[in-house]
Each structure stands twice: as C-alpha cells, then as structure tokens.
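*Asks:* Chain by chain, the residues run as shown.
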Amino acid sequence: MKETKSYLSKTVEELKPSGIRRFFDLAAGMEGVISLGVGEPDFITPWSVREAAILSLEQGYTSYTANAGLMDLREEIAIYMQKSFGVSYSPQSEIVVTVGASQALDISLRAILDSGDEVIVVEPSFVSYVPLVTLAGGVPVQVQTLKENGFKILPEQLENAITSRTKAIILCSPNNPTGTMLSGDELNAIAKIAERYDLLVLSDEIYAELAYDDEYTSFAAIREMKKRTILISGFSKGFAMTGWRLGFICAPEEISQAMLKIHQYAMMCAPTMAQFAALEALKTGRSDVEDMKKSYKRRRNYFVQSLNELGLTCHMPGGAFYAFPSIESTGLSSEEFAEKLLLEEKVAVVPGNIFGESGEGHVRCSYATSMELLQEAIKRISHFVKQNPKA
Amino acid sequence: MKLTEKQIEVLEILENNSARIPVEDIAKMAQLTVAETETLLDKLVEMKVLVRFNSVIDWSKVDGHEGVTAMIDVKVAPKRGVGFDEVAQRIYRFKEVRSVYLMSGAYDLSVIIEGHSMNEVARFVSEKLSTLDSVLSTTTHFILKKYKHDGTIFEQNEDDKRIVVSP
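As you go down the protein sequences, you meet chains A and B in turn.
If you count by the numbering used here, then the first sequence holds residues 1 to 391, one letter each, in order.
If you count by the numbering used here, then the second sequence holds residues 1001 to 1167, one letter each, in order.
Keep in mind that the hints were calculated from the coordinates and are not lab data.
As the structure is a computational prediction, the values presented were derived from the model and not from experiment.
Possibly wrong hints are sitting among the right ones.
Derived pair list, reagent style BS3-like, types lysine-lysine, alpha-carbon separation capped at 27 Å [claimed, not checked]:
no., chain 1, residue 1, chain 2, residue 2
1, A, K294, B, K1095
2, B, K1006, A, K293
3, A, K294, B, K1145
4, A, K294, B, K1006
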C-alpha cells in the first residue's frame, strides 16, 4: 500500500487548516478563561423552542421530512422573510431548509460553480468562504476592505477584482468578524455592479436579526436583485440555535431546484426535530429575539466604548455580536496579542488575520458574554495594555 | 406617565443587571454621558418610577437566616368611600408584610409574609391579621421551596456550555 497520505485529494491536502483550531487547543486546557472567542450567542435556545422539539420527539416525529424541509416550516419561513425583510419567496419552489447556513453556503457554491469560476470574497471574512469555494472547484478572489472605510467594500474595489471568469460575490452583512453592516445605499452600489457584470450575489444574512442602529436591508429586497441573489440565512444567531444546525436558502427557482438536487443526494433533509424547533421559533420566538437583541446592543455599547478608552480603537459595529478593535497601539501582531492576552490575562480573543490578511492588526472579540464577564474582561485587557506599551 | 426612550433604556438596564453595576457602565450601555445618566436616575427616583435598587438574596442558604415565607389569601369587606385601600394600608404597614396585592377571583388581598419561624407567622396571622375589623377570612400557604424569584432562578445550574473558541 502507498503512504496513506498519498490517497488524499490534492485539493483537500492543500486546504489550510483553520487558524481558529490552534487557539481553541491553546485555550481549551486552561482554567478561568473568559472567552470572547466564541462565534455564537451566550443565550440558551428559548425554552418554548426547546420544548417544541421535545414534544415532536414524544409524538414520534423521528422520520425524514421532504428534501426541502417540512412544508409548514417553509411556509413560515416565507411569511417571516416577507414580514421582516420585505422579500417574497415561494415555499414550494424557492426555499430549501438546510443543515445550518454552512451547508446552505456549500450547496449554493456547488450548484453554481464550474472548475475555474471565480468568486469574490470580501475580506476580512468568515473562515469558511474561501475553502468552500475551493472545494466546489472555484477560485476565490479576495478583496480586502480597510479599517479606514469601516471595513466596508467600495464599489471600485469590487470592480477591480472582476474578470471574465467572475461568477459571484459573497457578501456578509452584518459581518463576521467586523460587525460592519452595509446600508441600503451601499448595497445599491454593489447591486449596480452585479447588474453591469451580470453576477450572482451570495448574500449571507445569518446576522440579519442583529442590526442595532439602522434598519436592515436584505440584498434580495433591492430592486431587480432578487433574481441574482442567493439569500442564505438560518436560526443559529438571531434565535440562539447554533447547535440545532438549521439554516435555509431562498433563491430563484432554477437555482433552488439545482441546490435541492445536491441536498437530496448529499443530505436527504435537515434534522426533523430541529425543523420542529425552528417552526416554533418562527411562530412564537419573535419577542425572545427582540430581548436578546436589546441585550447585545447594550453590551456592544459598553464594550466598544471601553475598548476605545483603552486605546484599542474600534468602529461601532452596526450588527452581529463582534467588536473588531485595532491592536496597533500595542505594537503586537494579532496572533501575538491574542496569544499573550490568553496566557497572561486569560482572556480568549481571535486574531484578526485568521479572517484574511486584512484582519491583521485586529482581534475579534465577541461580546455575547454576560455583562459581569465583559466588565472583568475589560479590567484584564486594561491591565494587559498597560503591561504591553508599544516598544 | 410617558417616559423618554433613554429613561426606559436605563430602567431596563437596571432591571436586567446586577445592582452593583457602576453608573459609568450604565452610561456606556445607554450611550449617555455619566452626568446625563446621573441626572436621569435622579429624575426617575423623583418620579417614583425607580423605587429601589434591589438585590435578590437566597436566605435559605444562610444558617440562622432561613426564615419562612407564607402567602395568605385574605377575604375582606371593602368600606364605602375607601374600598380596599384602607384595609390594605392597615396590613402593609406591618413590617412582617413583604407584599400586598389586590386580586381578582376567589379572595381579595394576597399578602406575603416573612418570619423567622412558622410559629411567628402563625401568630401574626391569628393575632394581627385575622383580628382586623374588615378581614373576613384568611387561608395561609407556606412556601416550601423557592425555585425562581423575580425572574431569577435560584439553583441555576446552566454554566456556559460553549466551546472556548469558534468561528
């Protein structure tokens, strides 16, 4: 037999392991760590939602559902998207329930990419976009946003990255890791480019519920954009349901049906009890979402102002639950900062370079942590900053 | 009375956070200055909307302070001109009485009493409460265990189950 490693696919072998892994290993063995490194809500799924899932198990709903998901759930998703974001999709043909937004992203890319097709990824970005494009045979083209622009993509930057092979742009607003949210006008400018170069837009709207200052605009709600948009969303962030692994895609019928083809062969359907939970979340969970949102907003205000007072300058993020402060004042690289902060003060943050080169000089801090822990974290970071003045 | 958005914001912050939260932190959370926050808090106190900064204590864990709590359903005869208010006042002035509510339904006043022992509470009910002129009858329920009080779960065993670092 050949060396085992030689059996691996070249694509997979060349894939870089996520930098998050190293920090996880570093932090996992330590006691008394305050973690600001978590990409998920600190709330437990509301009891009414958990209870609905338990009831579905008691009633014996343990079999497969339709490939695209429970019809009742798709109908509720259609109502929810219409009411909350003003976009209308047919539950019969344009909505697919997936295993988290991650699977939604995967099958979206696989449905549209041929070998060598380029996809523009706006950086700093969620760690999965680039590898998933690669796995689908595409070529990721990274465009780096700047701190000076509040990590917003400028239309000309986007235009410069477009080639004859460009097929789609991946957008994420509010953004992980920067928390930046694009306004309706800014999305409009991107829409014009998508129109001009005839591109699709994969709009990752998983944080749509968590927009704090301005009204959220879905990319699909922009004039003439619905037909170009693959809207990816789910229950993980807004509804505090990360572990349930439940997301969904809304897209024009031809694209939805192509994704459904992949979904039915590769996944069959999303977990049934999670679908029942999501159904309950949509029916009765709105007030829970509002309460959580209020709580995040207050913690954001506290945390971002406190970071700025410590000289870790940070724009006010419009959404999600991340602050993305600059750590330049310490003279450390983002990996050095994160590692030292963890070892010396037991506060875990994620180095910005993990989200792409343009994240260097920053760290991602999640403020989805109790107020008491955030206050303690600020104390520790303050101590750390004083101990590490720029050389 | 109509409150401003910021007043409501600050009240919600107080309600959902520890009584130990510094004014500086409240100010940051509500996006106000410290001076603005202090003025706003004074105003809320003056308006008697903000009545008290409270802590929730589980005395049952403290030796010698366990105490007993009883909820008493009280039927009373309302009086012309003052309705239930006069008798309610006579009841809530006793320091043993923690809460008094006027209820709809089978009885009129719900009275919550705390004492050091069952005897003490029993004595209060038989000697002070039932002997009031307007009180027609009392039914006393002793609380055996407090699971959740004012929105706080006492035996919360729900530690953070999230992994330390995730994308």
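*Asks:* Taking the hints in turn, state whether each one holds.
*Replies:* Hint by hint, here is what the structure shows:
1. The suggested pairing of K294(A) with K1095(B) is violated, with an alpha-carbon distance near 37 Å, which exceeds 27 Å.
2. In summary, the hint linking K1006(B) to K293(A) is supported, as the alpha carbons are separated by about 16 Å, within the 27 Å threshold.
3. Restraint check: the Cα-Cα separation between K294(A) and K1145(B) comes to about 32 Å, which exceeds 27 Å; the hinted pair is violated.
4. The straight-line distance between the Cα atoms of K294(A) and K1006(B) is roughly 13 Å, inside the 27 Å bound, and the hint therefore holds.
Against the hints set out earlier in the document, violations occur for numbers 1 and 3.
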